Amino acid sequence: MCARRGRLGARGRVPDVSGDRYLSDMAITVVPAAEAGWPAVEAVFQSEAGARNCWCQFHVLANSEQRTTTRESRRELLREQVETLDPPRGLIALDGGEPVGWCGVEPRVRLHHVLATKLVVANSPEPLDDPLVWSIYCILVPPRRRRQGVGATLLSAGVAHAIAHGATALEGYPIDTALRGGKLPPGFSTGTVSMFQEEGFAPVAALPSARTLVHRRV
Numbered sequence: 001m002c003a004r005r006g007r008l009g010a011r012g013r014v015p016d017v018s019g020d021r022y023l024s025d026m027a028i029t030v031v032p033a034a035e036a037g038w039p040a041v042e043a044v045f046q047s048e049a050g051a052r053n054c055w056c057q058f059h060v061l062a063n064s065e066q067r068t069t070t071r072e073s074r075r076e077l078l079r080e081q082v083e084t085l086d087p088p089r090g091l092i093a094l095d096g097g098e099p100v101g102w103c104g105v106e107p108r109v110r111l112h113h114v115l116a117t118k119l120v121v122a123n124s125p126e127p128l129d130d131p132l133v134w135s136i137y138c139i140l141v142p143p144r145r146r147r148q149g150v151g152a153t154l155l156s157a158g159v160a161h162a163i164a165h166g167a168t169a170l171e172g173y174p175i176d177t178a179l180r181g182g183k184l185p186p187g188f189s190t191g192t193v194s195m196f197q198e199e200g201f202a203p204v205a206a207l208p209s210a211r212t213l214v215h216r217r218v
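In this text, residue positions in the sequence shown follow my numbering: the first is 1, and each later residue adds one.
Derived from the structure by calculation, the hints contain no laboratory data.
Everything numeric in this text was worked out from a predicted model, so none of it was measured.
You may find that some hints are simply not true.
Label-pair restraints from in silico Cβ distances [what the hints assert, rightly or not]:
(1) I163 <-> A205: 22 to 28 Å
(2) S64 <-> V109: 15 to 21 Å
(3) P125 <-> E80: 28 to 34 Å
(4) G96 <-> A206: 35 to 41 Å
(5) A122 <-> G97: 43 to 49 Å
(6) L85 <-> R52: 18 to 24 Å
(7) E65 <-> A206: 22 to 28 Å
(8) R217 <-> G50: 30 to 36 Å
(9) T69 <-> G97: 17 to 23 Å
(10) G200 <-> A178: 15 to 21 Å
The C-beta atom is built at its ideal place from N, Cα and C for all residues, glycine as well.
Using the sequences plus the hints, can you model the full thing?
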């Protein structure tokens, strides 16, 4: 694929794109997780207790499927998904080769839990079976790298990645910190409403646990 240059996010944190590499203005490269490799993905998830339990399966598996899994089986599911799905599942942020974040981004039709969420079903502006609607549902940054702009960089790259793969609309399910007195919950990994608004998303409906359904058309 030829290199392309241009403003890909509302805040422009990921202005340079070459193939499926997203280069930020803070010397962080964001690449598909399959390209980064499983050890890089695993390193990010091992950095945080909640992530070590979930392995980014909460939005993917229906509740009935979740109940049949273990921590280890969820880890193996993520490995298989990263290595085999097309379009690829997820992005990894690299700082000088060190993995410093994960962005869960892929077509929404893969996310069984999201598609079974009544408030999403009732309020999403897009048809639930549209494969060109993508979701950015997880932004995971190791605790020691938080509040350094890595999450915002991942979000911009997630938007660019979805658009590059044909997305016509995007959704997210971030935390509204205004509803939590400005505080983030333990195991926070969804991004914040303000982050998504700076990327051109608009709030659509309130979700449980102080989260908000946000939406952006391409």
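Here is what the structure says about each hint:
Separation of I163 from A205 is about 24 Å and conforms to the stated range, judged on CB atoms against 22 to 28 Å. At about 18 Å, the CB distance of S64 to V109 agrees with the hint of 15 to 21 Å. The hint said 28 to 34 Å for the Cβ distance between P125 and E80, and at roughly 32 Å that hint holds. Range check, G96 to A206: about 40 Å between beta-carbon atoms, so the 35 to 41 Å window is met.
For the pair A122 and G97, the beta carbons lie near 44 Å from each other, so the given range of 43 to 49 Å is met. Hint check: L85 to R52, Cβ distance near 22 Å, so the stated range 18 to 24 Å holds. Remark: the range hint 22 to 28 Å for E65 to A206 is upheld by a beta-carbon distance near 26 Å. Hint check: R217 to G50, Cβ distance near 31 Å, so the stated range 30 to 36 Å holds.
The hint said 17 to 23 Å for the Cβ distance between T69 and G97, and at roughly 32 Å that hint is violated. A hinted range of 15 to 21 Å holds for the C-beta pair G200 and A178, which are about 19 Å apart.
The structure is inconsistent with hint 9 alone, although it conforms to all the rest.
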